[in-house]
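K.L.:
These are the residues of each chain, in order.
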Amino acid sequence: MSWRLWIPLMVFAGFIGLAAYQLTQPKDDIVESRMVGQELPYFELPPAVERGESISSADFADGTPRLLNIWASWCLPCIAEAPHLERLQREGAEIVGIAIRDRPEDVAQFLAQHGNPYTAIGRDDLSQVQLEIGSSGVPETFVIDGEGMIRYQHIGDIRPEDVPILLEELRKAGA
Amino acid sequence: MTRLLAAMLLTAFALPLAAQDTMPPAPYAYRQLDDPAAEAEAQDLMETLRCLKCQSQSIADSDAPMAGDMRHQVRIRIASGESPNEVRQWLTERYGDYVSYEPQISATTWPLFAIPILLVLVVGAILYRRFGKLP
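Chains as they are written, first to last, in this note's numbering: chain L, 1 to 175; chain Z, 1 to 135.
So that you can see chain Z by itself, here it is in the shape it has in the complex (with noise of 0.2 Å):
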């Protein structure tokens, strides 16, 4: 019984352990740049990427190794003098909006940020017609 456990357990694990490189994380996945300034503006943008491998985690609090390569990337780019804007952008470019979590009015994202307006109004609607004519 405990073999057959150890054995479910082994194979339950070996696979996902099978799946990962060896390799050294990149130089800025886990190290701060030297700028506090640079490195709290890294931080922020950081916290709204997503990371493309873990799905519901952003960049900062994912270990998986591209999450690191992707907060390289990040830091590097602050470093050098882009703004996260930019950064952001350059990363939407290639995955998306799927890759950041800090939603733009675009053509398929208004609804969102019209329906709780449009919701507020029709309230405002029937709250007035119920009281608004109360002497």
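Bound conformation, chain L alone (with noise of 0.2 Å):
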């Protein structure tokens, strides 16, 4: 018997083990921006709870590196990440945040529960700046340099491993 006969075999246990090894390997749905490297998009946003401060791409552009941090009160992740939030604040970070579908009441509430570190937060109703920036959920912080450059993105919430990261991808950004 040809030696030749056990190639389409091989061939198609090559195809099992394939198969198998993919199975095992954990599920990757993180879906990462594009955006990173690229000018933050155009946007303004109505305050995110009343009485509060509008935001605006612009105001990304004056020379101090940001955290943009996509969030949501009804997030419960975003609950998890709130102290690391606060602590990247006391160690200065200036931190912006974009409510996604959310209540100005809710909004105050959570802030009110978990802390407020943000210098002001913009109100996304139509989730149309986080599609503009490519983000695919809650939380996610983006860095954006002094000049509105995307720096770095941050998929998930903050845990306090990546506090220590994301303090020297603003450091690099300029901070």
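Hints listed in this document are in silico derivations from the structure and should not be mistaken for laboratory results.
Please read all numbers here as calculations on a predicted model, not as lab measurements.
Every residue gets a Cβ at the ideal spot worked out from N, C-alpha and C, and that includes glycine.
Hints are not guaranteed to be accurate.
As the list claims (entries may be wrong) - Covered, in the sense of this in silico footprint (three residues per stretch, anywhere, with C-beta under 8 Å from a C-beta of chain L), are these stretches of chain Z:
id, stretch
1, 22-32
2, 50-64
3, 67-79
4, 84-97
Dock the two chains into a complex; use the hints.
P.N.:
Below is the structure:
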């Protein structure tokens, strides 16, 4: 019998092996933004809390690098990251928030309960800015340099070990 | 036993409920465009755009709030005169090929298109060697 007869079986076994290997791998459902390295798209958002300040993309181009935190009061991981955002703020980071599909009274309650590290929070009821900057969920945190360029994206809630990384990215962005 | 079951059911369903917003959907999330031709264009496009939250659904199929917001964007952009390709481009500039269900030939995807052609050629060559030279 020719050895070549085994080739199809080997190829088939190879496919099975590949499929089995992929099944054991953790699911990678992170969608990274392609906007990192590009200019923050133009936007203007009304304040997310009553008597709060509105925000716009132009605010970011004043020389100060900032964190742009995409969050929502209805988002559970956002509660988990709240203390770490506060720590970032204590370490000198300036944090601007965008509340996705949120009500002013819910935002106010969240801030009263979990602290308010933000200099201003914009209200994005249609996820418009979220889509513009290529964010695919809450929470996400972007590092924006003093010229309004997007430098870094952190996907998911900020854990204690992410705090130094974000501070370092801010420093690299010119803080 | 029933109580335990009820408690388990409650905890299973409580989390997704709590992690949803309570805002009404975007104006054009569920409302069709008045122009039937534009709506048909938008619908075709939405069926080939991937929901970012739900992974294996198109934004036309998904009830996730973010998919609704994406449908809103698609409809208002089509209504304002953008072509479906421009809208797809706008999204792939932000999310990469991930967001599109219509594969384009690119540096990473060309084997998908090349391998079938290669296989057909190989099969053709084998068949020719076997049967091509028969009288």
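K.L.:
So which of those numbered hints doesn't the model satisfy?
P.N.:
none
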